[in-house]
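Put the two chains together into one complex, using the hints given.
So the protein lines, in turn, are chains A and B. Mapping the first sequence onto this note's numbering, position 220 (from 1) lands on 220, and the numbers just tick up by one. All you need for this note's numbering is the position in the second sequence, starting with 1, plus 233.
Don't read these hints as lab results, they were simulated from the structure. Each hint should be verified, as a subset may be incorrect.
Chain B stretches covered by chain A per the calculated footprint, using a threshold of three residues with CB under 8 Å from any CB of chain A [unchecked claim]:
| # | region |
| --- | --- |
| 1 | 327 to 339 |
| 2 | 624 to 633 |
Derived DSBU-like pairs (lysine-lysine); straight-line CA-CA distance at most 30 Å [stated by the list, open to error]:
| # | chain 1 | residue 1 | chain 2 | residue 2 |
| --- | --- | --- | --- | --- |
| 3 | A | Lys119 | A | Lys173 |
| 4 | B | Lys444 | B | Lys315 |
| 5 | B | Lys408 | B | Lys423 |
| 6 | B | Lys464 | B | Lys423 |
| 7 | A | Lys5 | A | Lys206 |
| 8 | A | Lys119 | B | Lys241 |
| 9 | B | Lys370 | B | Lys324 |
| 10 | A | Lys121 | B | Lys444 |
| 11 | A | Lys206 | A | Lys188 |
| 12 | B | Lys410 | B | Lys421 |
| 13 | A | Lys121 | B | Lys241 |
| 14 | B | Lys315 | A | Lys119 |
Glycine included, each C-beta is placed from N, C-alpha and C at the ideal position.
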Amino acid sequence: MILAKALVKEYTLGGVIVRALDDVSIEIRDGEMVAITGSSGSGKSTLMNILGCLDRPDSGSYELAGEDVAKLSTDRLAEIRNIRIGFVFQSFNLLPRMSALENVELPLLYQGDRQARAKAKAALETVGLFDRMHHEPNQLSGGQRQRVAVARAIVTNPAIILADEPTGNLDSKTGKEILALFEDLNAKGHTIIVVTHDPGVASRCKRQIHLRDGHVVNEPLGAAANPVTEEKG
Amino acid sequence: MLFWTIVKVAFKSLAANKLRSFLAMLGIIIGVGAVISMMAIGSGAQAQVLARFSAMGTNLLVIRPGQRGSGGVMSGTQLNLKLDDADAMLKEAEGIGAVAPVVSGSSQVKYLSRNTRTNVLGSSTTYFTIRTFEIDKGRTFTEAEVDRHARVAVIGPVTATNLFGEDDAVGEIIKVKGINFQVIGVMKSKGDQGYFNPDDQVIVPYTTAMKQLFGLDYLREIDIQAADEEKLADVQESVKQLLRKRHRLQADTPDDFSIQNQAELLEARSSATKTFGILLGSVGAISLLVGGIGIMNIMLVTVTERTREIGVRKAIGAKNRHILLQFLIEAMIMSAVGGVIGVGVGVGAAHVVGDVMALQEVVETFSVILALTFSVGVGIFFGFYPACRASHLDPIEALRYE
Numbered sequence: 001m002i003l004a005k006a007l008v009k010e011y012t013l014g015g016v017i018v019r020a021l022d023d024v025s026i027e028i029r030d031g032e033m034v035a036i037t038g039s040s041g042s043g044k045s046t047l048m049n050i051l052g053c054l055d056r057p058d059s060g061s062y063e064l065a066g067e068d069v070a071k072l073s074t075d076r077l078a079e080i081r082n083i084r085i086g087f088v089f090q091s092f093n094l095l096p097r098m099s100a101l102e103n104v105e106l107p108l109l110y111q112g113d114r115q116a117r118a119k120a121k122a123a124l125e126t127v128g129l130f131d132r133m134h135h136e137p138n139q140l141s142g143g144q145r146q147r148v149a150v151a152r153a154i155v156t157n158p159a160i161i162l163a164d165e166p167t168g169n170l171d172s173k174t175g176k177e178i179l180a181l182f183e184d185l186n187a188k189g190h191t192i193i194v195v196t197h198d199p200g201v202a203s204r205c206k207r208q209i210h211l212r213d214g215h216v217v218n219e220p221l222g223a224a225a226n227p228v229t230e231e232k233g
Numbered sequence: 234m235l236f237w238t239i240v241k242v243a244f245k246s247l248a249a250n251k252l253r254s255f256l257a258m259l260g261i262i263i264g265v266g267a268v269i270s271m272m273a274i275g276s277g278a279q280a281q282v283l284a285r286f287s288a289m290g291t292n293l294l295v296i297r298p299g300q301r302g303s304g305g306v307m308s309g310t311q312l313n314l315k316l317d318d319a320d321a322m323l324k325e326a327e328g329i330g331a332v333a334p335v336v337s338g339s340s341q342v343k344y345l346s347r348n349t350r351t352n353v354l355g356s357s358t359t360y361f362t363i364r365t366f367e368i369d370k371g372r373t374f375t376e377a378e379v380d381r382h383a384r385v386a387v388i389g390p391v392t393a394t395n396l397f398g399e400d401d402a403v404g405e406i407i408k409v410k411g412i413n414f415q416v417i418g419v420m421k422s423k424g425d426q427g428y429f430n431p432d433d434q435v436i437v438p439y440t441t442a443m444k445q446l447f448g449l450d451y452l453r454e455i456d457i458q459a460a461d462e463e464k465l466a467d468v469q470e471s472v473k474q475l476l477r478k479r480h481r482l483q484a485d486t487p488d489d490f491s492i493q494n495q496a497e498l499l500e501a502r503s504s505a506t507k508t509f510g511i512l513l514g515s516v517g518a519i520s521l522l523v524g525g526i527g528i529m530n531i532m533l534v535t536v537t538e539r540t541r542e543i544g545v546r547k548a549i550g551a552k553n554r555h556i557l558l559q560f561l562i563e564a565m566i567m568s569a570v571g572g573v574i575g576v577g578v579g580v581g582a583a584h585v586v587g588d589v590m591a592l593q594e595v596v597e598t599f600s601v602i603l604a605l606t607f608s609v610g611v612g613i614f615f616g617f618y619p620a621c622r623a624s625h626l627d628p629i630e631a632l633r634y635e
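Bound conformation, chain B alone (with noise of 0.2 Å):
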């Protein structure tokens, strides 16, 4: 009952003086705003990021053949990474869910008069589902397909754009490098990655690629998906072990190859936008800072204002901690109408930024949860010294007050 009371009172002479209200609560909406739109883009650009490295696949090993050369000279990549060392690594590396050997080269691409240049890339079946590729029409290459050198080929949404326009391309005969190759799919658009498109490339069976167009007996990587997304580390311990072995390393001798772990990639970054986190959340907290300084002025000036309201509220009855609690409800309202209306900026200013950008901005429960909280905290913090001092005043003197 009396709470309410002292809400209802409160709300209102907040509103009898408003420009005074909103004066003091700017600091708080501002800084509140700030930490919104900022956490808001920033979780917007983390899950930009998120999605680009699940496009990629998350439970990802990639095996690179290391550098030539010696004493920091490099001269090129070594040839050294095999089709025996991708069989090995599926019969005896620990923890493996599924193998893909790769190798690739840019070619001509045709089409009866249209032509293309792309990436054209061999691997197995399972690259598909290693990648996290889908199939937007048609089919992938069979098993059988790889053993027996089929001609066949999987087509990204752009490579079949450049191709063949609108029409269907599932069936039709392509030639790459002079060699005839049936279209047997066409994969679903994952977006242009910046430094590759995945959707402009050809994907062929491995073997054909080797012996028929590109005439290799060497891989341009290796692709291993773990069975266990949190066996990752040890997936990648075992393997780096196994190529040692086969590649015949001493204790000594550094590695002839990289493994590329896309978890490992994925925490750099998520580490990255911690920081940039940490950096805004210390920006609010100065601009929450300076908003509870100008809580904690006009509740100064309003308690001198409402000395003689104080000392009426004593002499009826008022023990010192309704005082206090009075004006402490009131420095909290304060703020929190404040914060409330931040949060309300900060949206706003993330939605706008966020557009001017080409993000979509991710407004977390989370972040308006903990803005609102220091908000309230602040004015608890900064309107205690005036409710303290109010509370303590001297009920004559405060009834004497003109």
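With the rest of the complex left out, here is chain A (with noise of 0.2 Å):
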């Protein structure tokens, strides 16, 4: 459960204050698929950020989980965006000379998990790259090392999986594999959030919300399009 109300976030930019995020509230509730759509400089990056734990807003109250994230510390942030939270990047972001397993294992040894090498097998066997998880990132292919960014992401079973663009740097034909991969996580009770400026991925979303110039158009607080009755376990 993600619960946003009023979040404020400004930069100063050459000597003037930007304010990308202007009293934006948010709802979204456990196992929805939603798409964060909006031109460049409208603030869904922001958002996303503040969303996934990356920063913090200026004013507002952000609740994951019914805690108030807005004000912890760093290291609770991190804890946070560990347990919670599965980040997936358009450029993948994979760690280099680290084997696919190692890279998904890395999510969980900063926990200390004895158990992060079963896991980290598990999670590729999901994302169906069993068989490749002793290559590292340069051997693999785009989709391969996005089902590798994937399969990190949802290593520590978070409750919510946060991708940014996710087939952005990927031909149309691994871009729906990509998709596909997050339809079924959300069939899985995974929450997802997609930020994209694709119309194309964000129509395979459930829910879109909308930013311009920081502010959320026909998203209006509490209002999800698609209620989703049963709970995440």
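Next comes the structure, spelled out in structure tokens:
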């Protein structure tokens, strides 16, 4: 459950104060698959950073699974990113010189999980790359790399998967495969938030949140387009 | 688990930039190499000095007559050290293990048609134990032979070769100053001492030497072995007081004899070696400092290059201390690898220099551990700032970094 109220975030760019988010309120229930769309400069990256606990809002409140994370310490935010959120990036962002398996088990190692290896293998099996687990990123295709990134995102079994233009660097066929993977994960109960400017990708999601100039348009607080009744366990 | 992954990644990233890593480590390699090789050579030289001193006996006091003359003008050695003095020491001074009176002179020694000029030394049976001479063939002379002024001689291995070549010397008769002596023993070699070769001398009972060979009533020196090495200084003081009393010296008169203490000489030598070591240590410390700066420089470059990686690690849940630890371990591994290579280079260099200087270098475990500890310490110290910088990067900016 994501509950953000009246988020404000400002930047100073060349002496001018830019309000990237201006009074943004969003509610995303567990198990939803949501697209956040908007042109560049609309504030969607800023929103994603705050939703992903990479950044803190200047004002407003943000509750994640009942916990107000707006004012937590840097270390506690790192823990929340580690446990509750899985990131998938446009440019994959796998670590070089580490095998697929080592990349996937890394989030668990930061937790000190003793079953890291077994869980990482299971996650790679979920994305269909069990036979490539000892390959390093530069030995994998773009689609395979993004699958490894998805495996890394789900290995801690987070409630939310936050994807930033996940198909932006892929051809349309592999892009569709990745989206299908997200739909599978959504069916298993993960909340999926996809940040994109591609209408084709956005249309695959059950609900869209549009941002323009730091405001949410056509998305009043609490009005979920497709309310999900079943709660994720 | 996390630790080993970090170590593995650190080694891989070092291997990925081989030349750069090597150049960064070069300062450490040179520093450690210099310290290890110099310490090995220093220890080797010290061991050689020690061996020479212990060949002469370590719990040894040597009493020699003082210099004659006054007002700084020395006009020769006094003839005031007597056999009675030696006897008195054994009876009256405390803590004495053995005493050997010594007389000596240079003389022509003949065997058949062969002759050699060598040092002829007269002493007691205890001389061999005090001066740690060992017998190779035959035997030393006995108390009885000393008492009856026997004409027997124990000769050094060099003298034996000079007179007898490869033949057995024991039992043969040699002529010293025209007097026949029977060779009863040949000593084991102790090696040339530079200023004096203990392997080239003829040792006879002091009674025979004083009465029959040289006609002397004074001694060249008295050698004293302390019963307990720890109490050498006490023995020295006790002997000094005894001699002053026997020579009837007033309280304000300087000694008319000198006492040489082997332990003191040894101490002087080892303190010189210590100074040498401190000097080398500071050279090494400066090299390590420079090496550390090299590592810091390369770590700063690495952190900048891997900004994006740091962002990713933070996004997936790495805390600041995880990032700090990772870069600290990488710096530490770089300096430790440099240290290990440096030890290898140092051992090799010491071997080469040891060969050139004709001494056996001694690589001590202590110096290796010290050098490695220091190089790892340098890695931690100079790696801390870059690692700190990495750990405080903002995850969003780091992720955006191209």
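Here's how the hints hold up against the structure:
no.	hint	verdict
1	327 to 339	violated (count 0)
2	624 to 633	holds (count 3)
3	A:Lys119 - A:Lys173	holds (28 Å)
4	B:Lys444 - B:Lys315	holds (14 Å)
5	B:Lys408 - B:Lys423	holds (25 Å)
6	B:Lys464 - B:Lys423	holds (27 Å)
7	A:Lys5 - A:Lys206	holds (22 Å)
8	A:Lys119 - B:Lys241	holds (20 Å)
9	B:Lys370 - B:Lys324	violated (33 Å)
10	A:Lys121 - B:Lys444	violated (100 Å)
11	A:Lys206 - A:Lys188	holds (15 Å)
12	B:Lys410 - B:Lys421	holds (25 Å)
13	A:Lys121 - B:Lys241	holds (20 Å)
14	B:Lys315 - A:Lys119	violated (94 Å)
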